[in-house]
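These protein sequences, in sequence, are chains A and B.
Residue 1 is where the first sequence starts when you use this note's numbering, and the numbers rise one by one after that.
Residue 194 is where the second sequence starts when you use this note's numbering, and the numbers rise one by one after that.
Derived from the structure by calculation, the hints contain no laboratory data.
Do not rely on the hints blindly, as some may be mistaken.
[What the hints assert, rightly or not] Mimicking DSS-like on lysine-lysine, the simulated pairs with C-alpha atoms at most 30 angstroms apart in a straight line are: (1) A:K174 - B:K235; (2) B:K495 - A:K5; (3) B:K514 - A:K59; (4) B:K785 - B:K734; (5) B:K495 - A:K59; (6) B:K599 - B:K550; (7) A:K186 - A:K124; (8) B:K757 - B:K684; (9) B:K467 - B:K493; (10) B:K785 - B:K711; (11) B:K755 - A:K110; (12) B:K594 - B:K549; (13) A:K115 - B:K757; (14) B:K756 - A:K138; (15) A:K89 - B:K493; (16) A:K110 - B:K684.
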Amino acid sequence: MGETKNILLSGVGGQGIILASKILSTGLINDGYDVKMSEVHGMAQRGGSVTTQVRYGEKVDSPIIGKGQADILVSFEVMETGRWLEFVKPTGQVIINQWEIGSAPILSGKALYPKGVVEEIASKIDHTTVIDAAQLAKDLGNIRTMNVVIVGALIKALGLENLDWEEVIRSTVKPRFVDINIEALKIGMAQIK
Amino acid sequence: MKKLMTGNEAVARGAYEAGVTYASAYPGTPSTEILENIGPYKEDIIAEWAPNEKVALESAFGASFAGARSLAAMKHVGVNVAADALMTMGYTGVTGGFVLVSADDPGCHSSQNEQDNRIFAKFAKIACIEPSDSQESKDFIKEAYTISEAFDVAVMFRMTTRVCHSKGLVAFEEREEREIIPYEKQVQKFIVAPAHAQKLHPYVEDKLKRLEAFSNETPLNREEWYGAEIGIVTSGVAYTYAKEVFKETANYLKIGFSNPLPMDKIRAFSQKVKTLYVIEELEPFMEDQMRAAGIACIGKEKIPLVGELSPDVIEAALLGKKSDFLSVSPDKIVPRPPTLCAGCPHRGFFYGLGKKKNLVVTGDIGCYTLGFAEPLNAIDSVHCMGASISMGHGAQKAFKKHGVEKRVVSVIGDSTFLHTGINSLLTVAYNGGNTVNVILDNRITAMTGHQENPGTGFTLQGDPAKEVNLEDLVKAIGIEHVKTINPLKLKEVDAALEEAFEFDGPSVIITRWPCALKRYSEKDIEEFGPLENQCQVIEDKCKGCRICTKTGCPAISFDNDKKKAFIDPNQCVGCMVCLQSCPFNAIERVVK
Chain A
1 MGETKNILLS GVGGQGIILA SKILSTGLIN DGYDVKMSEV HGMAQRGGSV
51 TTQVRYGEKV DSPIIGKGQA DILVSFEVME TGRWLEFVKP TGQVIINQWE
101 IGSAPILSGK ALYPKGVVEE IASKIDHTTV IDAAQLAKDL GNIRTMNVVI
151 VGALIKALGL ENLDWEEVIR STVKPRFVDI NIEALKIGMA QIK
Chain B
194 MKKLMTGNEA VARGAYEAGV TYASAYPGTP STEILENIGP YKEDIIAEWA
244 PNEKVALESA FGASFAGARS LAAMKHVGVN VAADALMTMG YTGVTGGFVL
294 VSADDPGCHS SQNEQDNRIF AKFAKIACIE PSDSQESKDF IKEAYTISEA
344 FDVAVMFRMT TRVCHSKGLV AFEEREEREI IPYEKQVQKF IVAPAHAQKL
394 HPYVEDKLKR LEAFSNETPL NREEWYGAEI GIVTSGVAYT YAKEVFKETA
444 NYLKIGFSNP LPMDKIRAFS QKVKTLYVIE ELEPFMEDQM RAAGIACIGK
494 EKIPLVGELS PDVIEAALLG KKSDFLSVSP DKIVPRPPTL CAGCPHRGFF
544 YGLGKKKNLV VTGDIGCYTL GFAEPLNAID SVHCMGASIS MGHGAQKAFK
594 KHGVEKRVVS VIGDSTFLHT GINSLLTVAY NGGNTVNVIL DNRITAMTGH
644 QENPGTGFTL QGDPAKEVNL EDLVKAIGIE HVKTINPLKL KEVDAALEEA
694 FEFDGPSVII TRWPCALKRY SEKDIEEFGP LENQCQVIED KCKGCRICTK
744 TGCPAISFDN DKKKAFIDPN QCVGCMVCLQ SCPFNAIERV VK
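Can you make the complete structure from the sequences, with help from the hints?
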């Protein structure tokens, strides 16, 4: 199973990051990996910046990683990619969801949403992919599947697309949302070459 | 079968498997999910929310006194509230196995300090067990009950945020049913009158010696030997970080039973290695005791005492290594502080309060702590549970005594009021205070993720419960000026504050409206009605004054190009605070 892989998911409270990491970790466990996952609850949920770390391999010790150690950063929101970029290996990979959410100083007009974040990251990390998961989810008929589109992209980027993800979706989402989420996952996978 | 679980979920499972029949807690991050996950074992375990941690600990102690296995859970600062009961439990011991879960928060992820409660275990003369991951959180709980009953000792089960909230795979076992230990009256043990306490103390000191002998033998303290020259004494989640960094280039003495420490085992380990590191989070709890026992080691002179550890912190501290990383330029990142949610009932109240001049506002612990932040700027202090009302009382008395013309307003949530605020209000009434006390009653314990409390009408396990009437309660305490208002109506807020300021004597304002994220009960729907409105900006009327953004609602943004406000229909729940704030009637109500 090789070396332990480190994944960092970042975004904003309410974007469905917890479910996304649950889908990923369930698939990994079904495939026999040891998995550790770390989340922070509490104040972070009040519209603040949120991250989840997922580590998998043959045997995983620490549930958390430090700066410069994530193999992949998957960011559900543009500015959050910048905030957490320091955690990515310089040779690592970044997947950015082209979706902007203003924070309090921006909403009140005290600050502007930063421009050029994606370009700057792409200039620093060679392996940067931008996806428009919101549009893809809208086209699919439910913008709330945006998080699953992103997980699909992540799964493909990890080379794990051949696991039984349909089964994972069935065991992690409500029955009436199973079909649309399976579609969302496939659409996400197709975004990564 | 193996399941991916948080440490908190694993503790709940462990308590179930250990045959626990009674558990009590007050919610507090990172401990809350322990009781939430015990709740569903309703057939086997009574799980209760207590009004505060002292009550939780005493209730669980009572169940142990009666002969049952019991558990109390709380965050680290909750143990301060429960300390009076805990310190004497060291003397009395237990009957049925007793475990206190203390969930510490290195790094202050969601706390006011980062105290290390292992020191409490030593201070209280009780045993301390520290799990490193989810599997141990389950397995060690079961050990804790065996130890508790074998040594007649309370056990502190010390977890930290990363153990509580990290997930790992956990293998299940069956529940072991336990008969209650037959009750025997033991006055010398359980009545801690001075004559008895004097006899209990030497007994406790002897017990600690027996526990130390056990500590040297138990597999909870285990050596992992790789034939290296470096030795590492470590405990809790720090063990997983140390392994991550050193892998098989060091030997480990993993301490799972940390009070009393296995000093003989540590000494024997230290003699087999060339360099001895002590890797522990927060205080030098093990290190200080090792040094006092004459064991040379390297610890806090290199490893930070402040904040949480992580593999990279340890790597930098001990090996001088740093991973390369890249950053974006600072202008690409705007802070994203937590905010009150769209539709939060606290917003209307703080918006009104923030406009009043010459006030000092003492706050408390809960979502409403965020009332201090921009743009509301409505709170001056937040200290500990219940302190708003008592600090406000003392401040008002001092201002008056020294001729300072300031009014004091104390704001506190419903659950926090019932936790310890009620005691503080007694001093206000009894000692002739003159503060305005505001109970922000959002019908739930919100910040920790919606737990029931004595004011909500339901128990932890979902049964209907007696519901405290806050108005009657504060009147019974002796508060004469009491007003209940809807905090979403700005005129009501303003009028209630003005009336309270004019009243000569202490007053209470109760703002009664549910948390915007609360799942309404049938009674809630009857009282507060279904939510069906939304607000919308009428662009022609909007003058771009930005007053609506001063409410701090995350659904409202200001378009700097158009110079108009915008309300996000995906977030707005129609509380209509912004509509009332707009001086140009440029916000209208629309049906969703």
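Now the hints, each set against the structure:
1. A:K174 - B:K235: At roughly 25 angstroms apart (the allowed maximum being 30 angstroms), B:K235 and A:K174 satisfy the hint.
2. B:K495 - A:K5: holds, 29 angstroms
3. B:K514 - A:K59: Given that 30 angstroms is the threshold and the Cα spacing comes to 23 angstroms, the pair holds.
4. B:K785 - B:K734: holds, 21 angstroms
5. B:K495 - A:K59: Status holds; Cα separation ~28 angstroms.
6. B:K599 - B:K550: holds, 9 angstroms
7. A:K186 - A:K124: holds, 29 angstroms
8. B:K757 - B:K684: holds, 25 angstroms
9. B:K467 - B:K493: Given pair B:K467, B:K493 holds - Cα atoms ~18 angstroms apart, limit 30 angstroms.
10. B:K785 - B:K711: holds, 19 angstroms
11. B:K755 - A:K110: Between B:K755 and A:K110 the Cα gap is close to 15 angstroms, so the pair holds against 30 angstroms.
12. B:K594 - B:K549: holds, 23 angstroms
13. A:K115 - B:K757: Given pair A:K115, B:K757 holds - Cα atoms ~21 angstroms apart, limit 30 angstroms.
14. B:K756 - A:K138: holds, 28 angstroms
15. A:K89 - B:K493: The given pair, whose Cα atoms are some 29 angstroms apart, holds under the 30 angstroms limit.
16. A:K110 - B:K684: holds, 28 angstroms
Hint violations for this structure: none, all hints satisfied.
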